[in-house]
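There are 2 protein chains.
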Amino acid sequence: MGLGQDEIQRIDAYWRAANYLSVGQIYLLDNPLLREELRPEHIKPRLLGHWGTTPGLNFCYAHLNRVIKARDLDMIYIMGPGHGGPAAVANAWLEGGYSEVYRDVTRDEPGMRRLFRQFSFPGGIPSHVAPETPGSIHEGGELGYSLAHAFGAAFDNPDLVVACIVGDGEAETGPLAGSWDSNKFLDPVGDGAVLPILHLNGYKIAGPTVSARIPEEELLQRFEGHGYHPIVVSGDDPEYMHGRMAQALDEALDMIADIQRRARTSGLEGRPVWPAIVLRSPKGWTGPSEVDGVPVEGTWRSHQVPLAQVRSNEEHRRMLREWMLSYRPGELFDGEGAPVEALRSLPPEGGRRMSANPHANGGLLLQDLRLPDFRDYGLEFEGHGTHIGEATRVLGHFLRDVIRANPETFRLVGPDETASNRLSAVYEATDKVWGAELLPVDEHLARRGRVMEVLSEHLCQGWLEGYLLTGRHGLFSCYEAFVHIVDAMFNQHAKWLKVTRGLAWRRPIASLNYLLTSHVWRQDHNGFTHQDPGFLDVVLNKPASVVRVYLPPDANTLLSVADHCLRSRDYINVVVAGKQPALSYLSVEEAILHCTRGIGIWEWASTDGGGDPDVVLACAGDVPTLETLAAADLLRRLFPELRVRVVNVVDLMRLQPAGEHPHGMSDAEYEALFTSDRPVIFAFHGYPWLVHRLAYRRRNHANLHVRGYKEEGTTTTPFDMVMLNDLDRFHLVIDVIDRVPGLGERAAHIRQRMVDERLRHRAHTREHGEDPADIRDWVWPY
Amino acid sequence: MGLGQDEIQRIDAYWRAANYLSVGQIYLLDNPLLREELRPEHIKPRLLGHWGTTPGLNFCYAHLNRVIKARDLDMIYIMGPGHGGPAAVANAWLEGGYSEVYRDVTRDEPGMRRLFRQFSFPGGIPSHVAPETPGSIHEGGELGYSLAHAFGAAFDNPDLVVACIVGDGEAETGPLAGSWDSNKFLDPVGDGAVLPILHLNGYKIAGPTVSARIPEEELLQRFEGHGYHPIVVSGDDPEYMHGRMAQALDEALDMIADIQRRARTSGLEGRPVWPAIVLRSPKGWTGPSEVDGVPVEGTWRSHQVPLAQVRSNEEHRRMLREWMLSYRPGELFDGEGAPVEALRSLPPEGGRRMSANPHANGGLLLQDLRLPDFRDYGLEFEGHGTHIGEATRVLGHFLRDVIRANPETFRLVGPDETASNRLSAVYEATDKVWGAELLPVDEHLARRGRVMEVLSEHLCQGWLEGYLLTGRHGLFSCYEAFVHIVDAMFNQHAKWLKVTRGLAWRRPIASLNYLLTSHVWRQDHNGFTHQDPGFLDVVLNKPASVVRVYLPPDANTLLSVADHCLRSRDYINVVVAGKQPALSYLSVEEAILHCTRGIGIWEWASTDGGGDPDVVLACAGDVPTLETLAAADLLRRLFPELRVRVVNVVDLMRLQPAGEHPHGMSDAEYEALFTSDRPVIFAFHGYPWLVHRLAYRRRNHANLHVRGYKEEGTTTTPFDMVMLNDLDRFHLVIDVIDRVPGLGERAAHIRQRMVDERLRHRAHTREHGEDPADIRDWVWPY
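Line by line, the protein sequences give chains A and B.
With numbering that gives the first Met the number 0, letter number 57 in the first sequence gets 56, and the count goes up by one each step, no holes.
With numbering that gives the first Met the number 0, letter number 554 in the second sequence gets 553, and the count goes up by one each step, no holes.
Please keep in mind that the hints were generated in silico from the structure rather than gathered at the bench.
Please note that a few of the clues may not be correct.
Which copy is meant is left open, because identical chains are indistinguishable; a pair holds if it fits in one copy or across any two.
[To be verified] Cut-off 20 angstroms, straight-line C-alpha distance, at most; resulting in silico cross-link-like pairs (SDA-like, lysine to any residue): (1) Lys68 to Glu379; (2) Lys497 to Leu723; (3) Lys709 to Ile571; (4) Lys68 to Ile749; (5) Lys183 to Leu219; (6) Lys68 to Leu267; (7) Lys497 to Leu370.
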């Protein structure tokens, strides 16, 4: 096999065109076809962009287009080095896809001028492969997640091939290094293929990369050790490289086709060895080889803008012109500035173009989940706070049937914690995906399944993002403390969603749903390192249009919240819920009403008779709700005349002013719940200042006193944990006594009793190693 | 070579003793030597701990002790599966180190009873290898960082060997997967050695591990691909395994000694291939092989507590007794309950014991940095706000001389951004460490050096933590947005420091210093993905005793802050500073005074004549300070009679109430700056609500109006960025007009002018692609 000279010429022309358009984007304000002499005013005053990775991205794009056409492939392209934005934009424009989305950027000279001018320009487009870029599901601004996204896109897309450029800088990151093992979770029957292309251009911003500076033998051993068959394409002579890349792609795609055929027909024994390409080509390939006396092409100096003084330095300007003309634009663009016919006929058509593939605009393909009626899974109601259930276990039954009803469009990911988080009912419907070796002792492991467990929060998050971005649904169940591991990935996904919400052509995708459990208050086995409710603080820094936070206090509210989240679009929903046996407070119908409101007075626990209270006890989260109800119970017995109102918060966003968040309450609504002048003792699941941050503008804020986690903890009993943080029922009563005036002479005496109770409980715990039975088995009065 | 039968017996006895003590910790309240029948009341009511990994950790410990003695090694032990806490505690007790630190936990029967009882018990010790555990620098509660910590400990410790157990669960995490390449950054001359031991016990909490379920050939290729020589120790027969492990350790330590000898004498060509051990042994080895009819030893079911109902189930209790007696405690402990003489003589002595090695209590070894006088590096003063400097470039000169003065105890780490962050003066004194291949084109790369660059924030953080925990100093320079990648690692280090502050025997270590630059306001090349100032929000969730945040507004204040941070102990200091050319506001002497106060009125920019102001303009961060001064300049010209006070905040903690943070101000101090009743317009570097969170308790809080980053951004000009977030000078003037009463009739007119100015500037930017010259080159009036 091999490419004919003609085909090489055509691909080379296409590559030259993309390179020309990339350089133009970085430098030119005007004179896009260099029909005039290049003058300072044609040059952008601020040269912002990254040339170094761009020619390599263009090279792969051109070659992928050839195989897409030759094999009628359904392919998307993930560019790990997303700062090579000009490459994606250039190719989208060449293919015509860009002009279909952005009508004013026409495929002619005026359009080319706009294309150049808008890049990295105020009011224009970002320098990266951003949401604004057609064909992108991966911005790559923060490095490390390309391969995880690629696998996520491939899951349950049996006919899709995801080509994924991994930059050799990115390859140094932990998340990327951990992503190679994704091939142990890819089912060759039901999933598509990922073709990783490790692009060794040798340098990062300022120095060499590790994988480019180890012996090739070692590099190949890495691939083999991760179960890949590496194919090396190495050189700098374009003609040779075109031939070699074409060969390599044919070899790789033949292997993929063969694996899939065997797996899907005769049956494939064992785990397939998937191909991967190692492309070694110079950084800034085809750019200026030397500038101001130092080498640039093939070094880190070509990372951003190889010629930096083009506006002021005539020699630089001459070099830029020479550089651009070296691509021979006269052969590439016609009199109107459109790509010549030979180029226009080269790329695939319609949805086969990588810039227009519907998988890269997943909302186009998204279908609603088929959801069973969550009411059917609710805990039976036997009175408020009288029945014990495990919230996540109840949810597990619902999820089991979600999985049954959506066998190809829903995945549950988590770091080896599905059972530990008590969602194990899902294994009645499905298994954990496991492509590595199986042993007879294994349970719930299979080559295909809806549950994905790997001890890497990064992979869980990256896979799920790739899955959602290509139009499917999912849930990430995670230990609360360790979701901080993906703070940065959350941030980037939130930014992506925020931008896509402003792009009408990007169709809404399913929300990213987090179930945070094994939370701060119940780390009985582990202790301090496992106690951190601060993800909520990270989440609330992101725009109100994107983030939602729910703290259902029991099983039935969790069901209602989960149903709502699974139906939603373009959000990041964070649900915090307990997995331990805990009281159930509401019937399913009450739970629906309460969750719909997001916040509400629990009359059955209040003693204000629906009138003005003396004090408001507010709570959010399962453990704080328990302590609040126990405090209300104590108060009812200790101060029978005291009018106590209990308010429970499920939807944390309700606390914000209406102008700050769509779920926010007006001041009138807020004061109807929290009063305008009574003390509010708020028991909160997380760090207490988060509630203040949400509520500081409210009139009664000076009266708001929040208890929460204040970074006190260790391996101890559940009740000792709340005592360590002054969130316990006795302390809440003390807080009431300290803040409500006129409780009479008994108050000081009762306060001392509460102090003594705390000491007694602490002593009991330290003596017996467990909470006193009256605390442990406490049930709200019938 | 090989171990004699005698030695095998002795090591086996030691291992049995450690296993016995581990099981005892998990289960027993009393009857530690099983001298009585085992009754329910001898069993802990809550069984909390992790058995699965423990016997493997004990196995390695016993064998490492042998080689420490045989070779007089200086060795510490990092236990990646830190939840195997009983192992570390058991060995420390056997060696006597535990009783030296915790006097009441004596090495006899009463002490053993305490040892057992305290584990995972309220008021006792955590279940993990926590700060409370002698010999630990790595808690391992959150998985992924063991190997990075190990390398950090080995840097600049040429005589130290760091044995590092990597769990096969942990091996799935991204950060761990990325850590193997640390060997490209280890200098065999000036650094010590790391001996990784990948412990394949095959299972995580609920399922198998990837690396245990791939063909051994693939596994070995991984090691070879990462430049290691793997030595496999595999089996379950103790006698065989003792012999094999001893052989493997001898082979590995011979290799290490040989590499170091050659590197340090004759000179070693190329990068050495370091040894690594692969230990394949059953999870829960020597524990119950079957419980209630299902296999336990060698499966995930032994992860936590193999026998779960020991208190209530007589059969389980019988099995526990049988299990413990299988270690033959009668041979291991004497009549007093102390280890028999044969055991006592086995471990090394004094500081050679891994539980008492001073490197694992780094503060014991810590020496002050030799710091040059930072005053000598300050920008010359030519008037407030009249001179331009690049803050981080100025800092670079100081750091250069810090490096010169401390050639073996200070490292600068960062993800390939030292030059990009303009600290390149350090290359006048040192190089970047680079153990991989070198090419003639390379600059500032060498086998040894003080700068460590790798495109992995996880490695930067992990290396630095390991380096600090073993008693050295350093600085992590990072793009502000991407420090979120290590949010979780920051959290864990803060937790570690918080706990060690309560342990007198743990000596203070150098602070972890972050320099966050390339910040949100100046991401000219990149855009939205690179804009995130939210790390401060994460930091402020951690205890006041540990965290410090500084926002020096210019070069001289940055110098003063840096000097302070480098002298401090046991803190995490976060310094946010710009790298772009920016105005210098204070002379060095003024900067020292300002930074010492942490907050202050800038009289030279104020027009309140030292009296009561009409409005306070507050600012924190370089760009907000610039906009605030420009706003003050506008106000002085537009409203000559308006009394404006300018307050600048360097030390963010000053805003908190005195009771909340040691740096916090009293209400009187606060009101002396911010008044008790005047509007305060606060221009903040980060998310605006963070300032509210700090200041909500202040009397004048209702008058506090904060501008900051509100998640609006893209690739655009610096001034457009501040305009997008309403932080620009014109908007600050509008904010003043909207909040100060009695500005007269002209106010509405001036307000409109400000609105028009903003539109004019936006139009200019969109037309010309750069900020207007009067904005860009704005200088505070002389």
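Hints versus structure:
1. Lys68 to Glu379: neither (58 angstroms within a copy, 65 angstroms between copies)
2. Lys497 to Leu723: Between copies only: 15 angstroms across chains, 39 angstroms inside a chain, cut-off 20 angstroms.
3. Lys709 to Ile571: Between copies, since 18 angstroms is at most 20 angstroms while 26 angstroms is not.
4. Lys68 to Ile749: neither (82 angstroms within a copy, 62 angstroms between copies)
5. Lys183 to Leu219: Answer is both; intra-copy 18 angstroms and inter-copy 17 angstroms each pass.
6. Lys68 to Leu267: The answer is neither: 28 angstroms in one copy and 52 angstroms across copies each exceed 20 angstroms.
7. Lys497 to Leu370: Classified as neither: same-chain Cα gap 27 angstroms, cross-chain 46 angstroms, threshold 20 angstroms.
Hint compliance for this structure: hints 1, 4, 6 and 7 are broken, all remaining hints hold.
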